[in-house]
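Peer 1: Sequence order for the protein chains is A and B.
Heads up: the first sequence runs through residues 1 to 381, numbered per UniProt numbering.
Heads up: the second sequence runs through residues 1 to 313, numbered per UniProt numbering.
Certain hints may be false.
Calculated lysine to any residue pairs in the SDA-like style (CA-CA distance at most 25 Å, straight line) [said to hold, decoys possible]:
| id | chain 1 | residue 1 | chain 2 | residue 2 |
| --- | --- | --- | --- | --- |
| 1 | A | 134 | A | 118 |
| 2 | B | 135 | A | 21 |
| 3 | B | 135 | A | 289 |
| 4 | B | 18 | A | 21 |
| 5 | A | 11 | B | 109 |
| 6 | A | 224 | B | 58 |
| 7 | B | 249 | B | 286 |
| 8 | B | 135 | A | 16 |
| 9 | B | 213 | A | 378 |
| 10 | A | 11 | B | 134 |
| 11 | B | 135 | A | 378 |
| 12 | B | 130 | A | 10 |
| 13 | A | 11 | B | 127 |
| 14 | A | 226 | B | 70 |
Here's a subset of chain B near chain A, in silico, CB distances under 10 Å, partners left out [to be verified]:
| id | residue |
| --- | --- |
| 15 | 75 |
| 16 | 76 |
| 17 | 79 |
| 18 | 86 |
| 19 | 92 |
| 20 | 104 |
On the chain B side, residues computed to face chain A include the following (Cβ under 7 Å) [claimed, not checked]:
| id | residue |
| --- | --- |
| 21 | 54 |
| 22 | 90 |
| 23 | 101 |
| 24 | 105 |
These are computed hints drawn from the structure, not numbers from a lab.
From the three backbone atoms N, C-alpha and C, an ideal C-beta is built for every residue, glycine too.
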Amino acid sequence: MFLRIFSYKIKQLIRMPWIVGWNFLFPLVLASAFYLGFGNMIKDDPNRLDTIEVAYVAGDGINSNFLSVIKELSKETKDHGKILEVTSFDSLEAASDALNKKDIEGIYYEHDDSIEVIVTENGLISTSLSQIVKSYQNYQASFEKILSEKPEAIDALIASINSNMSFLKKYDFKSGVSQYMQFFYALLAMSSLFSSWVSTAMMTSLCANLSECGKRFEMAPGHKLKAIFAGILAGTLLQSISNTVVICYVEYCLGLHWGAPIYMVIAITSLASALGISIGTLIGSIFKNEMALSMVPLAFTMTCSFFSGLMMGGIQQIIKNFCPILNKINPATVFTDSLYQLACYGKTSAYYQDLGIMVLMIAICLIISVLILRRRNYDSL
Amino acid sequence: MSDSIVKVNNLVKRYKEKIAVDNFSLELKKGEILGLLGPNGSGKTTTINCILSLLSFNKGEIMIFDKEMSPKAYDIKSKIGVVPQNVAVMNTLNVYENVDFFCGLYIKDKNKRRRYVEEALEFTGLSDYKKYKPKKLSGGLVRRLNIACGIAHKPSLIIFDEPTVAVDPQSRNAILEGIKEMNRAGASIIYTSHYMEEVEEICSRIIIMDHGKKVAEGTANDLKNSLKIRESICIGMPAINEDIIKDIKGINHVYDAKYSEGELVISLDGGEHNLVHVLEYFNEKNLPFGHVQTKLPTLNDVFLEITGKELRD
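Could you put together the complete structure from these sequences and hints?
Peer 2: Here's what the structure looks like:
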């Protein structure tokens, strides 16, 4: 019975024009609108800096510690991602060829007593590369001493340099994600929470107090909760597919990078879809009024999306300053934050905390729903 | 096992202070079509919902197939078919899918279910509309789909809750014929309606409900025979004076006579050759008259006499 209800629920949901419109098409339209609005700002975001691919060429007889330092900067740290991707070249000519072919973005050419930075144009990259050289030169004496006397302490010195490189600290090197991508994260949050509509529609057809079909269903010799879980699964699957289409559309058609591996974005968004479906199930188990079953999910989704930054970029920060708990209980904010954490800082504890909150919210919604729905007959219909 | 299919004893259902069903009892025997008759709001649908365990009730006992009915009595539920008052079909599924979906809640075997669905569509005359969505069907066809969804799994107890509301006469006849056929095939049926002529046509026994109570029970003839009025004579004639009406009331077996809008209606409580006696009086007094019509009592008359009012709706 579970599989039959699951397949019929999928059939029913994809034939509901308003679900196709709001859950499938609207996010694509909104993503396109966002792209038209600030797609170029994302691509040319001055606050965005990818890992710099740089060549290192040592002149004859050079045996400095600079290579060790920039290799340290090629490692990811918990504070930020990889700043440099260093490739050693034997000759300046070979490195210049690579630079001209745009295989690399700059060259460190160390010769005599100086370290030369070679780039094709001035800008953020050349400034960053020069900043690193300056910092190295300021600490050169310390480096030489530590590397000769106590090489195991080099990490501490690098950390010290990092903390002083305020210029570089402003940037997120890990994935090159722009702050403006927050709008797209909020869009995915809205799309996921729209799935609460899917589950109120599903609940309507399964509960005797919500529809005539529900009465017919509850007169049959089947377990209601089993059927509702089949519906939840069907709704989650459909919403996840819908979100995957949006994710792929943004990444491949609009050319905007989500800042994290696409399979991770899909996985987190699927979790958010399950959260939306669970919230809808709770709404469907509490409200009996047909109007409420349409309006409550819509109002809930739009309110949560607003406070997660769908319409106003800095609102999360404002809430964080004045009422931080709101950010922790708003499912849309928790979801956008999890994506942001992953994109900017990797799998940090904050990221896992966000995932945990989402799982907890799903569990709470479903447990309350089950407690309400397990009642098998009604006082009135 | 007794031949009792449904037995309801002293059912009481309250909505806060309002009593919807008041100490109501009924028994459906094997092979019967039991008519549950009553005006809107009389408690028929509430009683049905209690029987089906959709509604909780305050007092009483409901036994189906000699077992106590409960929401989890899946073995009982599997033998019940329900055709609800309001159309209960999924608008996003076509005719075939609707019947298949609801039949699938009862019948697990795929081949058997396919056969049952085809038979239900054939039975309700929907075989040519398999791919149609309910919104594309006429009101009568949707009602038939509603029936197909309720009976496809071949239940031995079928409950029809006002299945002919808002249905054209052709579809109504088809539905009533179908119900009789299902009964001949072995199904016991509870049929609720506020259309008395339907109940009289198909039901072997009738219960009349009003204000949640049973107000009468018996076959259609039993109920009609229980009436004081056994015959009515309607005579078209010009205005007459009170003395003549008094004289007519004095004729044997006449217990009432009323004149209004060019027609004299004489109510009689039995006797034989009543029309002859009335016409003899007219002849004797040389009274002019037009049409003459005699009427036997109907269930509507039964209801009027019992409840003292017209059927509502």
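Peer 1: Tell me the hint numbers this structure goes against, listed in increasing order.
Peer 2: 4 and 11
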